[in-house]
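Chains A and B, in that order, are what the protein sequence lines are.
Those letters in the first sequence? Residues 1 to 375, by my numbering.
Those letters in the second sequence? Residues 1 to 178, by my numbering.
Since the hints were derived computationally from the structure, they do not count as laboratory data.
Don't take each hint at face value.
[Stated by the list, open to error] Derived CB-CB ranges, DEER-like:
1) A:Thr204 / B:Ala59: 29 to 39 Å
2) A:Leu67 / B:Ala145: 22 to 32 Å
3) B:Ser14 / A:Thr221: 25 to 35 Å
4) A:Asp285 / B:His23: 52 to 62 Å
From the three backbone atoms N, C-alpha and C, an ideal C-beta is built for every residue, glycine too.
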Amino acid sequence: MTSQMREEPFDLLLGQFLDWQATDVADAPSADEVTDRIKRSAARPAIFGGRPRQLLWVAAALLLLALAGAVVGAAVLLRNEDRVQPSPTPTLATEPTLQLSPVIGWTGPVRSDATNMPLLPARSGPEGGRLWIDDADASTAWADLTEVQWRGTAGEQPYWFLGLASKPPITSDLAPVTVLEYGVVLETTGDGVPDYEFGLNTSTERLAGRAFRVWVTNLATGTTQEQLGPPYGYPVEFRHPDESEPDDPASWARTVMFTFLDSGPPGLGSGTRYYAWASHTENGDLVSWDYAPDNGWLGFRTLVNVTVLNLTASVARSEWASLSIKTEPNATCSIAIGYDRRSDRPGRREGRRLVRKRELVVAGRDGSDARHLPA
Amino acid sequence: VAAEGAEAPVRLDSDAALETFVHRHYDRLLGLARLVCRDTADAADAVQIGLEQAWRNRASLREQDRLRPWVDRIVTREAVRISKRRRSWLSRLMPATPEVGWIEPADGRAPEPANYAALKAAYLRLSPEQRAVVALHMHMGYTVAETAQLVDAPEETVRSRLRLAKDKLRRELEETRQ
Numbered sequence: 001m002t003s004q005m006r007e008e009p010f011d012l013l014l015g016q017f018l019d020w021q022a023t024d025v026a027d028a029p030s031a032d033e034v035t036d037r038i039k040r041s042a043a044r045p046a047i048f049g050g051r052p053r054q055l056l057w058v059a060a061a062l063l064l065l066a067l068a069g070a071v072v073g074a075a076v077l078l079r080n081e082d083r084v085q086p087s088p089t090p091t092l093a094t095e096p097t098l099q100l101s102p103v104i105g106w107t108g109p110v111r112s113d114a115t116n117m118p119l120l121p122a123r124s125g126p127e128g129g130r131l132w133i134d135d136a137d138a139s140t141a142w143a144d145l146t147e148v149q150w151r152g153t154a155g156e157q158p159y160w161f162l163g164l165a166s167k168p169p170i171t172s173d174l175a176p177v178t179v180l181e182y183g184v185v186l187e188t189t190g191d192g193v194p195d196y197e198f199g200l201n202t203s204t205e206r207l208a209g210r211a212f213r214v215w216v217t218n219l220a221t222g223t224t225q226e227q228l229g230p231p232y233g234y235p236v237e238f239r240h241p242d243e244s245e246p247d248d249p250a251s252w253a254r255t256v257m258f259t260f261l262d263s264g265p266p267g268l269g270s271g272t273r274y275y276a277w278a279s280h281t282e283n284g285d286l287v288s289w290d291y292a293p294d295n296g297w298l299g300f301r302t303l304v305n306v307t308v309l310n311l312t313a314s315v316a317r318s319e320w321a322s323l324s325i326k327t328e329p330n331a332t333c334s335i336a337i338g339y340d341r342r343s344d345r346p347g348r349r350e351g352r353r354l355v356r357k358r359e360l361v362v363a364g365r366d367g368s369d370a371r372h373l374p375a
Numbered sequence: 001v002a003a004e005g006a007e008a009p010v011r012l013d014s015d016a017a018l019e020t021f022v023h024r025h026y027d028r029l030l031g032l033a034r035l036v037c038r039d040t041a042d043a044a045d046a047v048q049i050g051l052e053q054a055w056r057n058r059a060s061l062r063e064q065d066r067l068r069p070w071v072d073r074i075v076t077r078e079a080v081r082i083s084k085r086r087r088s089w090l091s092r093l094m095p096a097t098p099e100v101g102w103i104e105p106a107d108g109r110a111p112e113p114a115n116y117a118a119l120k121a122a123y124l125r126l127s128p129e130q131r132a133v134v135a136l137h138m139h140m141g142y143t144v145a146e147t148a149q150l151v152d153a154p155e156e157t158v159r160s161r162l163r164l165a166k167d168k169l170r171r172e173l174e175e176t177r178q
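Just chain A, with the same shape it has in the complex (with noise of 0.2 Å):
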């Protein structure tokens, strides 16, 4: 018996053990209870989520915290005693300890210098995204950015990766006075200057079930949406390594992920730039921070014209084909290299064939290349 056929009989079994699962609601309420639960909640201020059920636990968790106040002040300060640093242990500074982006100190998410920054040419990743790898330059290495990826197709949803040097310590078992920030600074309008910020950190109020703060801060109009605390997802989408599974590739427990569940802001397009930031503060004094790249914007494409200089064709089996193309310094350009069978031969199948594609950086200083690639 093969594993196929022992895999069939068990699908069809989970499968009708799924339809029989999914219809044991017996006891929810009905969708026109559902119904008027939203519409009164979109009536009341979203910071409560609109909901009953959350102001009576907010209500019953204040209720206890009146009662056990003292008790849990005493063990607040002997947890924050006693507590053992994440690793590597922070260095406490009000500068930096390393020469950081080196063109420019902290100045917030936002950089001061945004509006003179190149756009960068970014390597092919994974899934036709862009990948931006990054020096390991801040003293704190979960606030060093290491790599930057960003998925999507222009009109669909983006995701940026932010790669960390390390893992950061689990959320909760960080001292309340340490907050570490990540996000994206964004600009739509090309004209360099920053348009959206976007981020989350490790919210100061973590210890009342609130251990994120996510925002999108529109910075023309000063104007800012956040949601501390879960529910997340509004008005940016994350995803913490404090949510890693053990099944998750290694990369995720030091990966920041950040989308947007809704358009996102207006005019992310494929003109947008974008570069990734991540900052460590303890007691209000900034420790470390990073940018990625260190000084320079991103872009969701970068289409240059690309034009065929020499195409040497008709090659045998195992000689070499030659490519010649001329394009900008440094672009990235997609090769898809395939052939025509043809055969002289009755019976033989005729057709055409991929047999290899893959993206490659021109590095001529003038823009001009040449690559040879096994036929």
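With chain A fixed as given, assemble chain B onto it according to the hints.
Chain B in isolation, oriented as in the chain A frame:
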């Protein structure tokens, strides 16, 4: 991700449209959340919160024909969060019995088929993320690629979760039969 099915798509642009959407999709969303959460109360919470989020942010949905997967995604994510939070509390309170699954009391109103009790116990021992991909792929009919988009995970991770979940369910079911 699959657009809304053969039914005329609903735009969440009025109270009447909200009622239509909720009535059309509530049972489906509740079933989805039920397959991720441990009990009906958590599932109902996940659907309620998810629909509230969708309603509050309805104006920002770019493609209205993707309303259904958009809401499925929100509800799934909320169901996973609730389940993880519940699991976290349970694991803190009862850390010494990791192998003991939480099995709800049998509901006398609906007789359980013979295999389902064992399968239910094993299913509840899956992680919320595993239950989410099983529910989306095997119950809701989303492809692996669509499921990956809905749960914000690479396709490889979704395949891995599906494989591990099915292996675990099959193994525990066989052990019960022996």
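Q: Hint by hint, work out which the structure violates, then give me just those numbers in ascending order.
A: The structure conflicts with hint 2 only, although it agrees with all the remaining ones.
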